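**Student:** Kindly generate the complete structure, drawing on both the sequences and the hints.
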Amino acid sequence: MPLVTRAGFAPVEPVDFVAADAAAESDGEGVGVDLPNHADPQALVALFDRIALIRIAFPSSSDGRGFSLARRLRQLGYRGRLRAHGHVISDQFRHALACGFDEVEIDEDLAARQPEAHWRVSGQPQRTYGEKLGRRPVAPPSE
Amino acid sequence: MYRYDEFDADFVRDRVARFRSQVDRRISGALTEDEFKPLRLQNGVYLQLHAYMLRVAVPYGTLNSAQMRQLAMIAERWDKGYGHFTTRQNIQFNWPTLKDIPDILDALADVGMHCIQTSGNCIRNITADHFAGAADDEIDDPRPTAELLRQWSTDHPEFAYLPRKFKIAITGSPNDRAVTKAHDIGLRMVRNDAGEPGYEVIVGGGLGRTPMVGKVIRDFLPKGHLLPYVEAILRVYNLLGRRDNKYKARIKILVHEAGLEDIRAQVEADFAHQMAAEGGPMVAPDADEVARIAGYFTPPAWDDLPEEDAGYMAARAADPVFRAWTDVNLAAHRRPGYAIATISLKPIGAAPGDASAEQMRVIADLAETYGHDEIRVSHEQNVVLPHVRKRDLPAVHRRLREAGLATANVGLISDIIACPGMDYCALATARSIPIAQDIAQHFSDPDYARTIGEMKIKISGCINACGHHHVAHIGILGLDRAGRENYQITLGGDHTETLAIGERAGPGFDADQVVPAIERLVDAYLALRDGPEETFLMALRRLGIAPFKVALYKDGEHDRAA
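Chains L and R are the protein sequences, given in the same order.
When the count follows our numbering, it moves up by one through the first sequence with no breaks and lands on 143 for the last residue.
When the count follows our numbering, it moves up by one through the second sequence with no breaks and lands on 562 for the last residue.
In short, the hints are calculated from the structure, not lab data.
Treat the hints with care, as some may be off.
Straight-line C-alpha distance at most 30 Å; calculated DSS-like pairs for lysine-lysine [what the hints assert, rightly or not]:
| hint | chain 1 | residue 1 | chain 2 | residue 2 |
| --- | --- | --- | --- | --- |
| 1 | R | K167 | R | K223 |
| 2 | R | K223 | L | K132 |
| 3 | R | K165 | L | K132 |
| 4 | R | K165 | R | K80 |
| 5 | L | K132 | R | K37 |
| 6 | L | K132 | R | K167 |
| 7 | R | K167 | R | K248 |
According to the in silico footprint, chain L covers these stretches of chain R (three or more CB under 8 Å from chain L) [as the list claims (entries may be wrong)]:
| hint | region |
| --- | --- |
| 8 | 19-29 |
| 9 | 155-162 |
| 10 | 235-249 |
| 11 | 274-280 |
| 12 | 284-292 |
Values in this document were obtained by computation on a predicted structure and should not be read as measured data.
Using N, Cα and C, we set each Cβ at its ideal position, and we do this for glycine too.
**Tutor:** Below you can see the structure in the form of structure tokens.
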């Protein structure tokens, strides 16, 4: 299960993910939350301080809901790590980064078909029309 | 018109290189067919019935002569010597081979053109009034806004994988020539009580299987708020639009099912969030960039001319063919002594919207010599020279006649919109082009056509309605009835600011019965109208559909199997 970041492929570190409603009940810090791409992010706002990582599901590379959900989480003030999870292809990496994701978690099969080099090309910084029109970064990259 | 700067040019080259890489990775297996398909479509490459089709973007229908000549070269070198202008102001090549496509894209890039986002579930080419910057009824020029939207929507990171395609149209004139109410977003440039420029924002219009008239989501949006506001609409749509059924995935269905009030509340909430963000909305072009874009659309260097020109008047008096063409194909220009000339791509018996490479070159030459180097493509599949001195019109007309481009039928019964239909399209259930040809042939007498007056016939070869039949005065929809082509007729549609969806008249007709059916409708209209000033649509609105239905079905002349 490789994790793709701007730096390249890395192994996925173990995180215990919980659903959004379970996150509300836990009182711990550093929670990881699994979100389906149709979730309403508003419910999470009160928990932002306690959430270390939100992972948004991409059931198919043709389903772009996750991009808007990420954008909305950032708009609501979420500053923690944001991960796209599932069927995201290397050509979409730059889109994911531009929408506020920090990283993408893909399966072994996809990583074998689309090796690190493909993701590096996609993730390279480039001038976009958005920047030309004054688009600011969605969120500062998390630590 | 807008000229590509270094950034635009680099962007297009980069995009071609990216697409080459995607094709290579599809071949190597790095991309599966399902993964590759949206990438292919977003680069304008369709797989059609017989071959690949390449759809070239003509942003808001604006071209110069060099671009038109390049399209002619592409048609000759990589296609069968012609191209097809579409209802979205684009041009399609129907016969390229897949291996040539990257080279065609390079040839397009040489003249600042591309195929980006002409297909796929993304924001498509922005369309606008084809008379922009020329029409005498214009409040504001829509092209700077259209160009701003083009840049904003190109490779937008958030909106490349929407539930379905998304079309935006804009008009700067109260007489809506851009069909704004039949688009996912329609923008009408307006002024508020204080005289400040802004937009009326219309959402959820569309044709297709479920035609809907767009609804006003915001009466007045200040000009500077446009990008955050459309971004809010797109975000709400991307998150909530249906993805379970592609035929229910357009924003019109979301607006219909959720209700306008609910969607408006969500859009306004997102918009308010953006506006309240620290540092303002995330996408906010600075005034310099907006001014830079607008600077490309300053009017050409007009001549100071009297309204009427003696040579032009003399030519009109001497040549009835020229006079007929000027009566029908010209529109009022904002400057004295100028006219807007529409070149009909509907010669009798030809496929609507087709132009040969030679014809494209003639149009390019005329634009360069007489038309301030500007060409427009209209959604009615004609080509427009927006700025022609009246004194040059006789010379323009002479050259058009030689090239078979002087058909005087703009807005008349033979100026038919037709989709490619079963002759080209994999989705079609019936042929469209031969029906258009039959009707044009039948009503080919110019005097008869002028007697009938303004008449919009539009033909679609399947329920996806690419031929806009829903908004035709007489709409024709080709279906398949147990292996037999059958044509349904709708009446009373309207594609202007008073947009209306036509009403189905009754059972359909066999292909060879369509012309007689149209003739019965025309005869009924001519018998029922108050006078030549009352157009077909006006008569239909006054009398209702009933007398026309009676005429249509009086002898039981339709396919009873339907």
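**Student:** Now tell me if each hint is right for this structure.
**Tutor:** Consistency of the hints with the structure:
no.	hint	result
1	K167/R <-> K223/R	20 Å, holds
2	K223/R <-> K132/L	18 Å, holds
3	K165/R <-> K132/L	25 Å, holds
4	K165/R <-> K80/R	29 Å, holds
5	K132/L <-> K37/R	29 Å, holds
6	K132/L <-> K167/R	23 Å, holds
7	K167/R <-> K248/R	16 Å, holds
8	19-29	holds (count 4)
9	155-162	holds (count 8)
10	235-249	holds (count 4)
11	274-280	holds (count 3)
12	284-292	holds (count 4)
Violated hints for the displayed structure: none, as all numbered hints are satisfied.
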